[in-house]
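Please model the entire structure based on the sequences and the hints provided.
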Amino acid sequence: NAGVTQTPKFQVLKTGQSMTLQCAQDMNHEYMSWYRQDPGMGLRLIHYSVGAGITDQGEVPNGYNVSRSTTEDFPLRLLSAAPSQTSVYFCASSREGTPGTGELFFGEGSRLTVL
Amino acid sequence: AQSVTQLDSHVSVSEGTPVLLRCNYSSSYSPSLFWYVQHPNKGLQLLLKYTSAATLVKGINGFEAEFKKSETSFHLTKPSAHMSDAAEYFCVVSVLDTGRRALTFGSGTRLQVQP
Chain A
171 NAGVTQTPKF QVLKTGQSMT LQCAQDMNHE YMSWYRQDPG MGLRLIHYSV GAGITDQGEV
231 PNGYNVSRST TEDFPLRLLS AAPSQTSVYF CASSREGTPG TGELFFGEGS RLTVL
Chain B
2 AQSVTQLDSH VSVSEGTPVL LRCNYSSSYS PSLFWYVQHP NKGLQLLLKY TSAATLVKGI
62 NGFEAEFKKS ETSFHLTKPS AHMSDAAEYF CVVSVLDTGR RALTFGSGTR LQVQP
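Going line by line, the protein sequences match chains A and B. All you need for this note's numbering is the position in the first sequence, starting with 1, plus 170. All you need for this note's numbering is the position in the second sequence, starting with 1, plus 1.
You can take every hint at face value.
Short derived list, chain B residues pointing at chain A, Cβ under 7 angstroms: (1) Lys43; (2) Gly44; (3) Leu45; (4) Leu47; (5) Phe106; (6) Gly107; (7) Ser108; (8) Gly109.
Straight line, CA to CA, 30 angstroms or less: simulated DSSO-like cross-link-like pairs of lysine-lysine: (9) B/Lys50 to A/Lys179; (10) B/Lys43 to A/Lys179; (11) B/Lys70 to B/Lys59; (12) B/Lys69 to B/Lys50; (13) B/Lys43 to B/Lys59; (14) B/Lys43 to A/Lys184; (15) B/Lys50 to B/Lys70; (16) B/Lys59 to B/Lys69.
By construction, these hints were calculated from the structure, which means they are not laboratory data. Cβ coordinates follow ideal geometry from the N, Cα and C atoms, glycine included.
Structure representation (structure tokens):
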């Protein structure tokens, strides 16, 4: 079982470029989410989805777009990269519609540097 | 509103000695509480969770945590540290607010284990 798979693991962008971080899960989880991890700040929620066709904003959504056309995939798009988006990005999924009392399953992360 | 405070950003112990990682939370509602572990260059993995059942919760790899409502704490302990415990640990609070659950991550505690 692959669990949650993120690609790419590393990426360097120039300011203004766009890119998509891919996330796929094979556990048939309804809930998927994207977090960013910055030193000393824990994880902050960017966007989440409670099922195919349904997405919503998290704590820090500006500069990011998401879509959920299938249960398995939840890509994160950076529209015009900025140095402030340099971070490690994690995709996470959960059996529940919202991660209330259950476990979040995380990918291994995508390290993004914006020059 | 809810919040979670991890009282130590770094903890260093010797192998074979006890581990104590401290977490305090603030919540207007009955929370669910989690501890996650992140090994270097990996995603987060659930260690244990408290969801209003027994106040002493046992997790994987010999870790346990005690929910103390009067102290609003959920400290993580292990009787004897192993070198493989060296990682970053995150305390997470989940509260049902306005019909949906919101997760808040602490800023993390880096555990160093000396030989």
